[in-house]
Structures are given as C-alpha cells and as structure tokens.
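**Q** Working from the sequences, and respecting the hints, build out all of it.
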Amino acid sequence: EAGVAQSPRYKIIEKRQSVAFWCNPISGHATLYWYQQILGQGPKLLIQFQNNGVVDDSQLPKDRFSAERLKGVDSTLKIQPAKLEDSAVYLCASSLTLGNSPLHFGNGTRLTVT
Amino acid sequence: EDQVTQSPEALRLQEGESSSLNCSYTVSGLRGLFWYRQDPGKGPEFLFTLYSAGEEKEKERLKATLTKKESFLHITAPKPEDSATYLCAVRDAGGTSYGKLTFGQGTILTVHP
Numbered sequence: 001e002a003g004v005a006q007s008p009r010y011k012i013i014e015k016r017q018s019v020a021f022w023c024n025p026i027s028g029h030a031t032l033y034w035y036q037q038i039l040g041q042g043p044k045l046l047i048q049f050q051n052n053g054v055v056d057d058s059q060l061p062k063d064r065f066s067a068e069r070l071k072g073v074d075s076t077l078k079i080q081p082a083k084l085e086d087s088a089v090y091l092c093a094s095s096l097t098l099g100n101s102p103l104h105f106g107n108g109t110r111l112t113v114t
Numbered sequence: 001e002d003q004v005t006q007s008p009e010a011l012r013l014q015e016g017e018s019s020s021l022n023c024s025y026t027v028s029g030l031r032g033l034f035w036y037r038q039d040p041g042k043g044p045e046f047l048f049t050l051y052s053a054g055e056e057k058e059k060e061r062l063k064a065t066l067t068k069k070e071s072f073l074h075i076t077a078p079k080p081e082d083s084a085t086y087l088c089a090v091r092d093a094g095g096t097s098y099g100k101l102t103f104g105q106g107t108i109l110t111v112h113p
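Residue numbers (the numbering used here), protein chains in the order written: chain A, 1 to 114; chain B, 1 to 113.
Note that these hints are calculated values from the structure, not bench results. Glycine is no exception: its CB is placed at the ideal position from the N, C-alpha and C atoms. Check before you lean on any hint, since a few could be wrong.
[To be verified] Examples of chain A residues toward chain B, derived with CB under 10 Å: (1) Val4; (2) Tyr33; (3) Gln37; (4) Lys44; (5) Asn52; (6) Asp56; (7) Leu60; (8) Val89; (9) Ala93; (10) Ser101; (11) Leu103; (12) Gly108.
**A** Below, the structure is given as structure tokens:
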C-alpha cells in the first residue's frame with residue numbers, strides 16, 4: 001500500500017513570506033492530521049480532519065496558519081506570514097476512523113524561515 | 001490535558017548491551033499507548049500499540065510493556081541499525097478530539113558497534 005505523500009520535502013523562505021504544504025493520505029483513510037515537529041521535540045498536533053470537516057484545530061495559530069481538505073482526500077497547510085519560530089518539520093498523518101488504529105506519517109516538509 | 005514524558009533524553013549503548021526506555025503518561029482515560037521509531041529525515045514509523053496494563057508486545061529485539069502510569073521499551077542485544085529516536089504517544093479515551101495522539105519528546109538511541 002502506498003504511504004502518505006508530502007511535498008515539498010524542503011522549503012526555505014524569508015520571514016513574512018507565505019508557504020504552502022501538500023499532503024495525500026493513504027487511500028481509504030478518512031482521518032488526516034497535520035503535526036508540527038520542532039527540532040529536538042515530539043510532534044505537536046496542529047489540526048485534525050475527519051473527511052473534509054475539522055475535528056480539532058485548538059492548537060493551530062489561526063492568525064497565520066490555515067488548512068483545508070477539499071473533497072475529503074488531499075490537504076493543504078498554509079502559513080502567511082511566516083515567522084522565524086515556524087521553522088520546523090511539518091508532518092502529515094492519516095488513519096482509519098474506526099477502532100484504535102495507529103497514525104501513519106509521511107516524511108514531512110522541513111521549513112526554514114530566515 | 002494529556003502529558004507524556006520520556007526518559008532518558010538520550011541513550012548511548014554498545015552493541016549487545018540491553019537497556020530500557022521509559023514513557024510516563026497522564027491521561028483522563030487511556031485508549032491506547034503507541035510506540036514509534038523515527039529515523040533522521042523521516043516521519044515516525046509505527047511499532048506497537050498497547051491497550052491495557054499488563055500487556056506486552058514484541059518485535060525482533062524490542063519489547064514494549066505497559067502499566068497504569070508508564071510504559072517501557074526494552075531493547076535486547078541492540079544492533080547499530082536500532083539507532084533512532086523512539087517516540088511514545090497516548091490516545092485519550094475522552095476529550096473532544098477522537099483519534100489524535102499526544103507525543104512525548106522522544107529518546108535518542110545510539111548503538112555503537
């Protein structure tokens with residue numbers, strides 16, 4: 001089975017610029033998550049989708065971050081404007097909805113804000 | 001709020017030297033405890049799920065155990081290819097966000113030949 005696909009792998013931008021990340025989950029996985037992983041820390045949830053509806057965005061800095069999941073498949077995470085502290089790896093994960101299934105992660109996008 | 005604390009932050013072993021990693025957690029109700037392995041430049045890779053105290057799971061040189069307050073990842077006779085960051089995460093049975101995992105900060109394991 002194909003894994004979670006993310007692009008780009010790396011992105012370098014200047015502060016106050018905007019950036020977007022793309023994620024394609026595992027086929028059939030209705031639940032999609034975006035996590036932020038700062039160097040030396042564990043992943044932190046930014047937003048969770050169930051199909052194309054938001055389940056949890058309590059940790060998303062909504063003044064600068066936005067995310068959407070049109071048609072309940074692919075998802076895009078956007079940052080506008082970026083700050084230096086946004087430098088991190090942005091991980092996308094997906095899971096089955098039923099049961100206690102694990103999350104399956106993509107390899108992430110490493111963002112550097114200069 | 002769910003909390004997960006892992007120790008030690010880093011562990012250096014010689015090949016063949018067995019040891020354990022610790023994961024302490026606080027949740028209102030545990031739905032599952034998950035162990036992941038993360039290699040540099042990669043996303044976390046799922047290893048185990050534990051559901052209730054007393055449960056154990058094994059995979060090659062790794063064995064995960066669970067109590068009501070913590071989990072251990074035992075590594076028996078490790079090899080250099082076991083070097084990675086090991087992440088522990090919990091899924092709360094309650095809360096408003098079914099499904100999400102709350103992660104610890106990870107333990108960086110280095111195994112020297």
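**Q** Run every hint past the structure and note whether it holds.
**A** Going through the hints against the structure:
Because the beta carbon of A:Val4 sits about 7 Å from the nearest beta carbon in chain B, less than 10 Å, this interface hint is met. The closest approach between the C-beta of A:Tyr33 and any C-beta of chain B is roughly 7 Å, which is under the 10 Å cut-off, so the hint is satisfied. Given hint, A:Gln37 at the interface with chain B, holds; its Cβ is 9 Å from that chain's nearest Cβ, closer than 10 Å. The closest approach between the C-beta of A:Lys44 and any C-beta of chain B is roughly 7 Å, which is under the 10 Å cut-off, so the hint is satisfied.
Given hint, A:Asn52 at the interface with chain B, is violated; its Cβ is 16 Å from that chain's nearest Cβ, farther than 10 Å. For A:Asp56, the interface hint holds, since its Cβ comes within 10 Å of a Cβ in chain B; the closest pair sits about 4 Å apart. Taking 10 Å as the C-beta cut-off, the interface hint given for A:Leu60 is violated, the closest approach to chain B being about 12 Å. For A:Val89, the suggested interface contact is upheld, since its CB lies about 8 Å from the closest CB of chain B, less than 10 Å.
Look at A:Ala93: its Cβ gets to within about 8 Å of chain B, closer than 10 Å, so that hint holds up. Interface hint at A:Ser101: satisfied, since its Cβ lies 8 Å from the closest Cβ of chain B, which is below the 10 Å cut-off. Evaluation of the A:Leu103 hint against chain B yields a held restraint, the C-beta minimum of about 6 Å falling below 10 Å. At about 5 Å, the closest approach between the beta carbon of A:Gly108 and any beta carbon in chain B falls short of 10 Å, and the interface hint on this residue holds.
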